[in-house]
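Basically the working numbering = 1-based index in the sequence shown + 1.
Quick caveat, the hints were computed from the structure, so don't treat them as lab data.
Remember, predicted model here, so these are calculated numbers, not experimental data.
Where is the CB? At the ideal position from N, CA and C, for every residue including glycine.
Careful: at least some of the hints might be erroneous.
[What the hints assert, rightly or not] Here are the in silico distance ranges between beta carbons for each label pair:
{"no.": "1", "residue 1": "257", "residue 2": "33", "range": "19 to 29 Å"}
{"no.": "2", "residue 1": "144", "residue 2": "187", "range": "18 to 28 Å"}
{"no.": "3", "residue 1": "48", "residue 2": "111", "range": "25 to 35 Å"}
{"no.": "4", "residue 1": "116", "residue 2": "28", "range": "37 to 47 Å"}
{"no.": "5", "residue 1": "250", "residue 2": "116", "range": "18 to 28 Å"}
{"no.": "6", "residue 1": "142", "residue 2": "62", "range": "19 to 29 Å"}
{"no.": "7", "residue 1": "120", "residue 2": "158", "range": "20 to 30 Å"}
{"no.": "8", "residue 1": "24", "residue 2": "95", "range": "28 to 38 Å"}
{"no.": "9", "residue 1": "250", "residue 2": "161", "range": "44 to 54 Å"}
[Said to hold, decoys possible] Simulated crosslink set (DSS-like; lysine-lysine; CA at most 30 Å straight-line):
{"no.": "10", "residue 1": "116", "residue 2": "5"}
{"no.": "11", "residue 1": "202", "residue 2": "222"}
{"no.": "12", "residue 1": "213", "residue 2": "257"}
{"no.": "13", "residue 1": "5", "residue 2": "222"}
{"no.": "14", "residue 1": "257", "residue 2": "222"}
{"no.": "15", "residue 1": "41", "residue 2": "222"}
{"no.": "16", "residue 1": "202", "residue 2": "41"}
{"no.": "17", "residue 1": "213", "residue 2": "202"}
{"no.": "18", "residue 1": "5", "residue 2": "213"}
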Amino acid sequence: MSAKQAFLHSIDYAVGAAVPIASLADQGVAIETVDELLAKGVQAFSLLERPLDQVIGECVRASLDRAGLQGDAIDSVILVTESFAELFDGGQTDLSFRQIRNRCFDLFYGLGITKASLLCATYGGCTNFLQASLMAKSMIQQGLGRHVLLVAAERFSTLASRLMDEAVSVAGDGVAACVVSAEAPAGSAFRLDFIGLAPYKNIVPDADMAAKLLEMFRSMKHAAADCYDSCRMQPGDFRWVVLGDYNRSTTLTYSKLLGFPPERAFLDNVGRLGHIPFDPLINLADLHRSRQVSQCDAVLLFLCGPLSCGAVAVTLCP
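With the sequences and hints as input, model every part of the structure.
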């Protein structure tokens, strides 16, 4: 018996004000670092100034509206964030773990989501969202629910936490929400064809960056190979490849090494928002809204975290 299908849909996201990279020099960042970022095509990053819980509420409401669902139709909520301490009051109030946890329950209950289990994934970097998607798909396939709400939120509290020297990038703030369902809703939905993880097996903590990047690429190749084998597809069968928006050079280099020509790499947001940990989801939404993906087009997304990476293959439903 073939496995049940799962569909990702109703993506809504919010980003903050665009802060020019050149302004970092006025905040004490070395001019050499600023120049390197600009040379790599990083022009700005997203800065959210409102508390995350407010933005989460707006995105969840918009996602549910897109899906045509009431809150009590959601069976499970998976909140993906490493900004746990920043969720409420912008981190200005000293809340205990228990207080933050209870306010998370209150937040979703106040949005009408009164019958769902709630899980918060607080570690994993950019693969955090990938693993949450895998969990949501598994729940749908095992008949443990019909609708799973995924919410991703990140806000970086200090400039030091934003600078990503190893990736020549700057982290950006953002929130996104989407629904994974057992059936494709009317309108647009992406069928989740494949979700796979590939841990980094040979990374040594003190190794130089070149060695770490090489191991990351090896793992991406393994994730891609698993995807091609499972879906019986090759790079040429995918309309787009979507990678994290570190910088333009990295995106083009990795897409080429993975077998995709430059015109198949989605670059619209590279350098514009900074690297938001779940930016492949944002890019997927923008691909659809800008009509750069058509019915039955397949898209391959890669997410790379500190300890593992993975691939997600989706197809836009007719």
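Hints versus structure:
At roughly 27 Å, the beta carbons of residue 257 and residue 33 sit within the given window of 19 to 29 Å. As the Cβ distance of residue 144 to residue 187 is approximately 23 Å, the hint placing it in 18 to 28 Å holds. Our hint of 25 to 35 Å for residue 48 and residue 111 holds, since their Cβ atoms are close to 26 Å apart. With their beta carbons about 46 Å apart, residue 116 and residue 28 fall inside the hinted range of 37 to 47 Å.
For residue 250 and residue 116, the Cβ-Cβ distance of about 47 Å falls outside the hinted range of 18 to 28 Å, so the restraint is violated. A hinted range of 19 to 29 Å for the beta carbons of residue 142 and residue 62 is consistent with their spacing of about 28 Å. Residue 120 and residue 158 have their C-beta atoms about 24 Å apart, which keeps the hinted 20 to 30 Å range intact. One distance hint, 28 to 38 Å for the beta-carbon pair residue 24 and residue 95, holds here, with the actual separation near 30 Å.
At about 24 Å, the CB distance of residue 250 to residue 161 disagrees with the hint of 44 to 54 Å. In summary, the hint linking residue 116 to residue 5 is supported, as the alpha carbons are separated by about 23 Å, within the 30 Å threshold. Simply put, residue 202 and residue 222 have alpha-carbon atoms about 13 Å apart, close enough for the 30 Å limit, and the pair holds. For the given pair, residue 213 sits about 19 Å from residue 257 by alpha-carbon distance, which is consistent with the 30 Å threshold.
Between residue 5 and residue 222, the direct Cα distance comes to roughly 27 Å. Compliance with the 30 Å bound is thereby established for this hinted pair. In summary, the hint linking residue 257 to residue 222 is supported, as the alpha carbons are separated by about 12 Å, within the 30 Å threshold. Distance check on the hinted pair: residue 41 and residue 222 sit about 24 Å apart at the alpha-carbon level, within 30 Å; holds. This hinted pair checks out: residue 202 and residue 41 have alpha carbons roughly 29 Å apart, not beyond 30 Å.
Pair hint residue 213 plus residue 202 holds up; C-alpha atoms about 11 Å apart against a cutoff of 30 Å. Among the hinted pairs, residue 5 with residue 213 is inconsistent with the structure: their alpha-carbon atoms are about 37 Å apart, more than 30 Å.
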